[in-house]
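Dock chain B against the given chain A, drawing on the hints supplied.
Each chain is listed here by its residues.
Protein chains: 2
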Amino acid sequence: MSASLIDGKTISAKVNQETANMVEELKKQGIHPCLAVILIGEDPASQIYVRSKVARCAELGILSRKHVLPQDARPEDVFALIDSLNKDPEVHGILVQFPPPPQIDEKAVVDAILPEKDVDCFHPQNVGKLLLGETDGFSPCTPQGVMTLLEESNIDPSGKHAVVIGRSNIVGKPLAALLMQKAKGANATVTVVHSGSKNMEDFVRNADIVIAAIGKPEFVRGSMIKPGAVVVDVGINRVQDASSPKGYKVVGDVCFDEVKEVASAITPVPGGVGPMTIAMLMRNTVKAAKLQCVK
Amino acid sequence: MSASLIDGKTISAKVNQETANMVEELKKQGIHPCLAVILIGEDPASQIYVRSKVARCAELGILSRKHVLPQDARPEDVFALIDSLNKDPEVHGILVQFPPPPQIDEKAVVDAILPEKDVDCFHPQNVGKLLLGETDGFSPCTPQGVMTLLEESNIDPSGKHAVVIGRSNIVGKPLAALLMQKAKGANATVTVVHSGSKNMEDFVRNADIVIAAIGKPEFVRGSMIKPGAVVVDVGINRVQDASSPKGYKVVGDVCFDEVKEVASAITPVPGGVGPMTIAMLMRNTVKAAKLQCVK
Numbered sequence: 003m004s005a006s007l008i009d010g011k012t013i014s015a016k017v018n019q020e021t022a023n024m025v026e027e028l029k030k031q032g033i034h035p036c037l038a039v040i041l042i043g044e045d046p047a048s049q050i051y052v053r054s055k056v057a058r059c060a061e062l063g064i065l066s067r068k069h070v071l072p073q074d075a076r077p078e079d080v081f082a083l084i085d086s087l088n089k090d091p092e093v094h095g096i097l098v099q100f101p102p103p104p105q106i107d108e109k110a111v112v113d114a115i116l117p118e119k120d121v122d123c124f125h126p127q128n129v130g131k132l133l134l135g136e137t138d139g140f141s142p143c144t145p146q147g148v149m150t151l152l153e154e155s156n157i158d159p160s161g162k163h164a165v166v167i168g169r170s171n172i173v174g175k176p177l178a179a180l181l182m183q184k185a186k187g188a189n190a191t192v193t194v195v196h197s198g199s200k201n202m203e204d205f206v207r208n209a210d211i212v213i214a215a216i217g218k219p220e221f222v223r224g225s226m227i228k229p230g231a232v233v234v235d236v237g238i239n240r241v242q243d244a245s246s247p248k249g250y251k252v253v254g255d256v257c258f259d260e261v262k263e264v265a266s267a268i269t270p271v272p273g274g275v276g277p278m279t280i281a282m283l284m285r286n287t288v289k290a291a292k293l294q295c296v297k
Numbered sequence: 003m004s005a006s007l008i009d010g011k012t013i014s015a016k017v018n019q020e021t022a023n024m025v026e027e028l029k030k031q032g033i034h035p036c037l038a039v040i041l042i043g044e045d046p047a048s049q050i051y052v053r054s055k056v057a058r059c060a061e062l063g064i065l066s067r068k069h070v071l072p073q074d075a076r077p078e079d080v081f082a083l084i085d086s087l088n089k090d091p092e093v094h095g096i097l098v099q100f101p102p103p104p105q106i107d108e109k110a111v112v113d114a115i116l117p118e119k120d121v122d123c124f125h126p127q128n129v130g131k132l133l134l135g136e137t138d139g140f141s142p143c144t145p146q147g148v149m150t151l152l153e154e155s156n157i158d159p160s161g162k163h164a165v166v167i168g169r170s171n172i173v174g175k176p177l178a179a180l181l182m183q184k185a186k187g188a189n190a191t192v193t194v195v196h197s198g199s200k201n202m203e204d205f206v207r208n209a210d211i212v213i214a215a216i217g218k219p220e221f222v223r224g225s226m227i228k229p230g231a232v233v234v235d236v237g238i239n240r241v242q243d244a245s246s247p248k249g250y251k252v253v254g255d256v257c258f259d260e261v262k263e264v265a266s267a268i269t270p271v272p273g274g275v276g277p278m279t280i281a282m283l284m285r286n287t288v289k290a291a292k293l294q295c296v297k
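Note that the protein sequences, when read in sequence, are chains A and B. Quick note: our numbering has the first sequence finishing at residue 297, numbered continuously throughout. Quick note: our numbering has the second sequence finishing at residue 297, numbered continuously throughout.
Isolated chain A (complex conformation):
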């Protein structure tokens, strides 16, 4: 292996410690950051995500409120709950675990959350601030997690060619927006490739920094990587694995075993971008509390 490992566990632990310190500081001022988490229905994956977010809040001294609604919750009840949390001065961040059941319109949920409490940075107003380079909104958790991994690994994207594979609203598009800003830790030449791209491999091979967020298991092969490039793997894919007791294993969008021989630095899956996402959610919750309470 020639690549150094970008260790998301260590870096997220550092970020979490900083967040816990900020919580302590805020508590001294009588401000107790609080995240409200809404779970609708009983999707097992969603239950796990919610449980780990609530647990992380507790670890960092952040209050949390968990609201569980039934699978057949009426839209009006969901929106009434969001509305009451929007108005509650003791709640600083609101998160609805996606996907909701089919009767609940995902976009309407996003639009209903007060932008000031939208710690996921899904609301159009916060997404717009992101593209415009305004820093008084939030930064979306997974893309900001990638930026922080680079920063903490002393990898400066400035002047480099960053190729983002995938154009999802959750990762690819906001990450491209972050990377292209005229700002410290950004300022990259950015290319976004996607399912509609021709000769995608040529673009990836030209990249100094590759961000894989296309949702295809081990899509990025060693032959696609310029020697010495930095490779960040945002993918989380379950693939069959008869040798595992669970019958599956989790792999990223990058063929780790091949790419680690070519790249200069690489994130593993799991243990790369994954732990950063919750760390950024925690940091956003504290930022929300600060913005709302510190005058």
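If you are wondering where the hints come from, they were derived from the structure by calculation, not from laboratory data. If a hint is listed, it holds; no wrong ones were tucked in.
As the list makes no split between identical chains, a pair holds if one copy fits it or if it spans any two.
In silico DSSO-like cross-links for lysine-lysine, where the CA-CA straight-line distance does not exceed 30 Å: (1) Lys-89 <-> Lys-29; (2) Lys-186 <-> Lys-109; (3) Lys-16 <-> Lys-29; (4) Lys-184 <-> Lys-228; (5) Lys-228 <-> Lys-186; (6) Lys-68 <-> Lys-30; (7) Lys-89 <-> Lys-289.
Remember, it's a predicted structure, so these values are computed and weren't measured experimentally.
Coordinates of chain B only, in the frame set by chain A:
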């Protein structure tokens, strides 16, 4: 000259005719689209812009209201005016001519305009919708003008490599967002290069579609263009010209005489993107009236 000319005058005339037809249709339903234009101070260029917008409204049957405030207008008076226009059901679009005098905060002005009436598409909420691919907001006038020029010239960006030179909030960033969407008339592989880019020429030379929006006179030379590429010039630069009675001439960001020999299609300056910007403003005003009044 090998390149065909992308004629913004002809295309904008066609768009304007469609807009005038839509105005006629709306009037039959008792809806009269109305744009409010606010001019603060006496900047000569701003006066010309405002005059031409008001004149174009009149040509297309759109009502307009021109509000002129003095150079030393107090911020509270500006915001009170915006607020009253936000609340006025007979006003569908609101535009503040920029730049405002120094005592007026540009960003605060943008944020004060109701997103539903923000026909310039400067409000973060509308910018966010743009990046997210939501079509119930507005599309920014100059970037959408570029997209419409391509569409009307039967140039489909899908699968092509579009290189946007410049990352301004008004042109480069929103144009990149438009071009990368999974949508008809878009779906391009998009690279954004800018002042922080290394080897910018290599990227431009790789492009099937070049959009120059960097604000440097005749920056894009013939040698930077791949034979057969499409070149769209968003620049409007005044350069000294002793042979002109005015003492200056207006040139784009593209060295037209060189590039026209290499490209397959090119926009002139003036007469390319320029006339499209106001055409898109008019279309947005009619869209605003429709969204606000047609239930």
